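Colleague: Okay, here's what each chain looks like letter by letter:
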Amino acid sequence: MLSDRAAVRATGVRKSYGKREAVAGIDFEVEPGICFGFLGPNGAGKTTTMKMIYGLATVDAGELEVLGMDATRDRRQIKSRIGVVPQETNLDGDLTVRENLAQQARYFGIDSETGATRATELLEFALLAERAGDRIHALSGGMKRRLLVSRALMGDPELVVLDEPTTGLDPQARLAVWGALDRLRRGGVTLLLTTHYMEEAERLCDRLVIMDEGQIVTDGRPPDLVREHVGREVLELRLDEGCDAERLVGSLDGRIQGHDLSERTLMLYAEDAEAVLAELDHEAYPTESALVRRATLEDVFLRLTGRSLRE
Amino acid sequence: MLEEPGYAGLGPRLPMREMVPVPRLAAAIWLRNARVFSKLWRGALLPTFLDPFLYLLALGFGLGTYVATINGIPYKDFIAPGLIASAAMWSSAFETTYNVYFRMNELRLYDNVISTPAEPQDVVAGDLAWSASRATVYGVVVLIVVSAFGLVSSWWAILIPPFVALGGLCFSVIGYTFTTLIPKIDLYSYFFTLGITPMFLFSGIFFPFNELPGWVEVIAWFMPLYHLVEITRGLATGPEFVEIALSTAWLAAVSALLFVVPVRALRRKLVA
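Taken in order, these protein sequences are the chains called A and B. At position 169 of the first sequence (counting the first as 1) the number is 169 in our numbering, and the numbers step up by one without a gap. At position 24 of the second sequence (counting the first as 1) the number is 1024 in our numbering, and the numbers step up by one without a gap.
If we strip away everything but chain A, and leave its shape as in the complex, we get:
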């Protein structure tokens, strides 16, 4: 029924808060059944985009279609078919773990018996069966995140929107959340997520967009983006005081696909970084250290959004 339709389609979507334009006209399309990522520095407009999709922000201009419905007009219908994992934990501290899920079932019109069965399943899914009777404040950060994911699944959604699902988690807890998301995608659920973690995006996302200052600066499959914007490998040089970076780059003209300089660290992007290193005139261009590595999404991200701090 959804096979020929996009799960989400945005055309010229804009959103301002006062004078600040949070989303400055974006277009994208998410095919059903994939994991689609939004990357970008803080303030890039990722969370605002998410909120427009799940109905917590209004759309100022453009068209936003979610599961074939209009995000402004069909709020209730859209929300009955999506699940939301918000950035900030907003579990109900006055209720137990199980009661949080039972309460969510009520909002989706699920009768209490079915709700109880679903809650049991979801507690298993989130590896929280033993904590069912605990109060929320007794849970660790990772447990709260997993409970938020379970809560988002109570309405049996076709689309799950996750805003920074693993921020602040330890590596084990992050693995557990990733595992849960993998299982969901295998079950045919469309996932939409924002993240700051490049390895998370590389591992989870079939496709992604990189946003900066309210706009989409690129989109594609992670490996394609790496090849397109960076190349296959990176030669990372830590330059000595006296080394002239500009002349160094000039001396390798034609051998590299691009470069970035940040403080005294020079990144050279190439198909074969080892060969570039061999060719480098170490007498003329002294370096403290040199490192050859595979290019990653992080290189793409930093190339496109810059290296300066964003607040």
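Careful, some of the hints might be misleading.
As the list claims (entries may be wrong) - Under 8 Å between C-beta atoms, here's a sample of chain B residues computed to sit facing chain A:
(1) A1028
(2) R1032
(3) L1059
(4) R1108
(5) E1119
It should be emphasised that the hints constitute simulated quantities derived from the structure, not laboratory data. Please read these numbers as outputs of a predicted model, since none were measured by experiment. Note that CB positions come from ideal geometry on N, CA and C, so glycine has one too.
Once you have looked at the hints, place chain B on chain A.
Modeller: Below, chain B without anything else, positioned relative to chain A:
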């Protein structure tokens, strides 16, 4: 450190479909609040039993020794029905100010509720229905206490609870409106000092208006507590149907008319 919600404003006018709540979803909100209350009620209700007892002791038996009767009614019988009404008011005032504020701005529960099929009007309706129910519980507790003291002379008093629910609803809409509009929690002290406390003192619970200049009662007429006291006293001392009907209409009209304000303000707050 408490995060301040800031002033979001009243928000734009809404079409009808964004103001009419879905009963099933309002009931879901009601059930959540009732569930939490059911865990705490023992501790919460005990002061409610003691409160009217203290007022009756100080005013009924203390002051009442000097003021024997008012309009032919013993003084403690005179104030007793008013204490039922004021218990409902205090309950609604606390529920729709601090309790709702905490759920909205600290627990941030409504962000989650609004991202399910529920909408702001369902949240407001459910919270108000709950607050009115809670006010009824508190009012009935006081009704039981004063009846036990033999201060209720009419069997019509059995009809008091539904009227307390209506009065509780009216107080709740007012408190909720305040909560959805205030930018920071400190402003509640104005709500209580300039709103609730004067209403408690000047709504005819402790003294009647018939010996005072006419304008005093005119001012009191604008206070919801005045109307609920009219009703509870009317029923507790023998019915006065016209006054009860007028006051009922007043409470119902104010509740209905004011409902749209918190709905608009909450939508503005949550769906920015």
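Colleague: Give a verdict on every hint.
Modeller: Verification of the supplied hints:
| no. | hint | result |
| --- | --- | --- |
| 1 | A1028 | holds (4 Å) |
| 2 | R1032 | holds (5 Å) |
| 3 | L1059 | violated (36 Å) |
| 4 | R1108 | holds (4 Å) |
| 5 | E1119 | holds (7 Å) |
The structure fails to meet hint 3 from the earlier list, while all remaining hints are met.
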